[in-house]
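Which chain is which? The protein sequence lines are S and W, in order. With the numbering used here, letter number 139 in the first sequence gets 139, and the count goes up by one each step, no holes. With the numbering used here, letter number 150 in the second sequence gets 150, and the count goes up by one each step, no holes.
Take these hints with a grain of salt, some might be off.
As the list claims (entries may be wrong) - Straight line, CA to CA, 25 Å or less: simulated DSS-like cross-link-like pairs of lysine-lysine:
#1 Lys125(W) to Lys194(W)
#2 Lys216(S) to Lys60(W)
#3 Lys134(W) to Lys211(S)
#4 Lys18(W) to Lys205(S)
#5 Lys252(W) to Lys205(S)
#6 Lys108(W) to Lys217(S)
#7 Lys134(W) to Lys305(S)
#8 Lys205(S) to Lys19(W)
#9 Lys9(W) to Lys211(S)
#10 Lys9(W) to Lys56(S)
#11 Lys205(S) to Lys239(W)
#12 Lys212(W) to Lys205(S)
#13 Lys125(W) to Lys204(S)
#14 Lys193(W) to Lys205(S)
#15 Lys4(S) to Lys56(S)
#16 Lys252(W) to Lys57(S)
#17 Lys204(S) to Lys97(W)
It should be emphasised that the hints constitute simulated quantities derived from the structure, not laboratory data.
One-letter residues, chain by chain:
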Amino acid sequence: MTIKARFLRITHIFFAILMLIQLLPNKSSKEVCTSSLIAFAIAAEAVVIICSFLIKKKESLLLTLDIFGFIYVFLTAWTLATAKFDLLNDLLFPPPGKVIAQFAEDKTVILTNIKSSVGIIVQGFLLAAVTAIPLGLLIGLNARLGNAASYLTKFFSSIPPIVYIPYGIALLPTFRSVSIFVIFLASFWPIFAGTMSGVLNVDKKIIDSAKVLNVKKPAMLTSIILPASLSQIFLGCNQGLSVSFILLTSAEMIGARDGMGYYVKYYSDFGDYTRTITGLLVIGIVVIAVTFLFNIFRQYLLRWKG
Amino acid sequence: MNTSKIEIKNLTVDYIEKKKSFTALKNVSFPVNEGEFVSIIGASGCGKSTLLSVLEGINKPAEGEVLIDGERVNGTGSNRSVVFQHYSLFPWMTTRKNVAFGIQQVRKELSRTQRLQIADEFLDKVGLSEFKNKYPSRLSGGMQQRAAIARALAMDTEILLMDEPFSALDAKNRIALQELLLKLWEGENSENKKTVVFVTHDIDEAIFLSDKIVVLTSHPGTVYDIVEVPFERPRNREKLIERKDYAALRSKLLSMFYHDIADRIGGNEVVI
Numbered sequence: 001m002t003i004k005a006r007f008l009r010i011t012h013i014f015f016a017i018l019m020l021i022q023l024l025p026n027k028s029s030k031e032v033c034t035s036s037l038i039a040f041a042i043a044a045e046a047v048v049i050i051c052s053f054l055i056k057k058k059e060s061l062l063l064t065l066d067i068f069g070f071i072y073v074f075l076t077a078w079t080l081a082t083a084k085f086d087l088l089n090d091l092l093f094p095p096p097g098k099v100i101a102q103f104a105e106d107k108t109v110i111l112t113n114i115k116s117s118v119g120i121i122v123q124g125f126l127l128a129a130v131t132a133i134p135l136g137l138l139i140g141l142n143a144r145l146g147n148a149a150s151y152l153t154k155f156f157s158s159i160p161p162i163v164y165i166p167y168g169i170a171l172l173p174t175f176r177s178v179s180i181f182v183i184f185l186a187s188f189w190p191i192f193a194g195t196m197s198g199v200l201n202v203d204k205k206i207i208d209s210a211k212v213l214n215v216k217k218p219a220m221l222t223s224i225i226l227p228a229s230l231s232q233i234f235l236g237c238n239q240g241l242s243v244s245f246i247l248l249t250s251a252e253m254i255g256a257r258d259g260m261g262y263y264v265k266y267y268s269d270f271g272d273y274t275r276t277i278t279g280l281l282v283i284g285i286v287v288i289a290v291t292f293l294f295n296i297f298r299q300y301l302l303r304w305k306g
Numbered sequence: 001m002n003t004s005k006i007e008i009k010n011l012t013v014d015y016i017e018k019k020k021s022f023t024a025l026k027n028v029s030f031p032v033n034e035g036e037f038v039s040i041i042g043a044s045g046c047g048k049s050t051l052l053s054v055l056e057g058i059n060k061p062a063e064g065e066v067l068i069d070g071e072r073v074n075g076t077g078s079n080r081s082v083v084f085q086h087y088s089l090f091p092w093m094t095t096r097k098n099v100a101f102g103i104q105q106v107r108k109e110l111s112r113t114q115r116l117q118i119a120d121e122f123l124d125k126v127g128l129s130e131f132k133n134k135y136p137s138r139l140s141g142g143m144q145q146r147a148a149i150a151r152a153l154a155m156d157t158e159i160l161l162m163d164e165p166f167s168a169l170d171a172k173n174r175i176a177l178q179e180l181l182l183k184l185w186e187g188e189n190s191e192n193k194k195t196v197v198f199v200t201h202d203i204d205e206a207i208f209l210s211d212k213i214v215v216l217t218s219h220p221g222t223v224y225d226i227v228e229v230p231f232e233r234p235r236n237r238e239k240l241i242e243r244k245d246y247a248a249l250r251s252k253l254l255s256m257f258y259h260d261i262a263d264r265i266g267g268n269e270v271v272i
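Sequences are here, hints too, so could you generate the full structure?
Structure follows, in structure tokens:
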């Protein structure tokens with residue numbers, strides 16, 4: 001791409017529009033925190049410019065620019081509807097600057113909440129992965145056992161994991177241990193089912209090719225069956241991960257003293273909708289970030305796929 | 001030395017498909033001598049790949065047996081290596097790792113460095129040095145088969161089994177790989193050449209490569225004839241195809257092929 005094609009894009013016009021509308025007088029009687037919004041938008045634009053330098057592939061660069069374009073347009077519409085023309089109820093719909101300012105103000109609390117939530121998810125999920133994958137491999141290898149196990153899996157995964165919570169509370173001492181337990185259960189079944197279906201669907205030609213090489217049982221499992229089922233295992237993991245987030249945030253709204261779900265629930269009870277929206281956006285960002293990192297990991301392990 | 005390396009004795013193999021059992025091979029017997037290159041040809045569905053799978057040890061016969069060095073084949077063994085038409089290589093290993101992994105299975109005593117060194121040597125022989133760190137999905141079909149041959153030869157087994165290894169390749173690649181295979185096989189110490197069993201449906205390929213051709217008929221597969229290929233080695237394709245005895249051998253094999261097909265679709269009622 002030429003320099004011109006890289007930097008002369010419509011995204012920058014949307015940025016300029018977002019900046020220009022800040023000059024309009026505020027109609028809202030409440031505080032609107034214009035400076036926070038401007039700081040945020042400038043930071044975003046800085047990221048866009050850095051990306052324009054760094055991203056080599058045309059498609060990826062255009063994708064990034066388009067996404068930021070959407071964000072600018074959304075922020076513009078939001079600002080106009082709230083701060084500038086006061087079209088919406090200002091209690092339920094705070095202006096964007098206020099949400100950004102709130103985020104900056106609460107960042108220590110928010111970080112603690114993220115740490116708590118992500119920590120629980122990582123522990124429960126990893127516990128599920130390290131048990132479900134080896135078990136799935138071993139049981140999937142035996143066609144008869146695998147068949148029986150897939151029926152049991154269907155039964156157990158049909159129970160919505162959230163209903164384990166009351167039993168978990170009776171079983172375990174702290175909210176944290178209950179959450180880890182429930183997330184473990186919620187992730188275990190999809191990962192286990194994914195692994196088994198991966199093993200059962202390994203191409204027979206691949207197995208034959210390994211057999212004629214005289215590959216012994218342990219190496220067969222680790223060097224052949226495991227990599228051959230990896231795509232399916234990751235499908236199960238993705239499913240487990242998304243269920244985990246739904247589950248944890250729900251659980252946090254019911255019984256926690258910290259965590260991202262707790263933050264949203266707590267402040268909405270007080271009618272503090274600026275913090276509620278801040279919390280929602282934070283959850284979105286965290287889920288996207290965790291999924292993104294997980295996908296990078298997946299793509300690395302599956303880099304051999306054509 | 002003309003001892004029988006492989007002895008196939010009264011082999012009958014049944015196949016079960018959709019709960020119906022049918023006979024793929026019936027009463028097949030022939031010997032393969034040590035250091036001999038034997039091709040098995042026949043129309044598709046004649047059971048030639050089934051026969052090879054019994055030699056590989058993947059398939060078990062209903063009756064009869066296969067002896068290697070006088071011992072009954074009972075499963076796979078480290079004295080044989082195999083090249084399939086597809087999927088010989090593991091897609092999650094680089095080309096180099098694929099070869100090294102094969103070596104590791106038969107020669108446990110070697111260190112990792114030694115295995116990689118042998119792998120590099122054989123990848124160089126098949127002209128894939130530049131591609132050794134690529135995954136199979138990044139290689140063309142011809143390159144994948146080269147890598148599979150490199151692995152089979154690097155494993156240095158006494159017997160090499162090849163199941164239509166070049167059938168999926170275009171004509172140019174097929175010829176290049178036939179020549180490469182012969183060069184590598186003939187180039188070895190003539191005292192202990194590998195014994196090769198090569199399955200194909202290509203008559204020219206069989207003549208060019210083999211010492212002996214086993215012709216199978218179909219449904220069920222039985223031995224129709226065993227034909228010696230008398231041409232001296234090393235062989236030159238251009239000179240070979242100009243020879244009268246080559247043409248004679250070729251038409252003899254072709255007539256066996258068509259004879260079988262004519263028999264199957266109704267004998268003398270069919271005019272081809």
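Looking back at the hints listed earlier, which ones does the structure fail to meet?
-> 5, 10, 11, 12, 13, 14, 16
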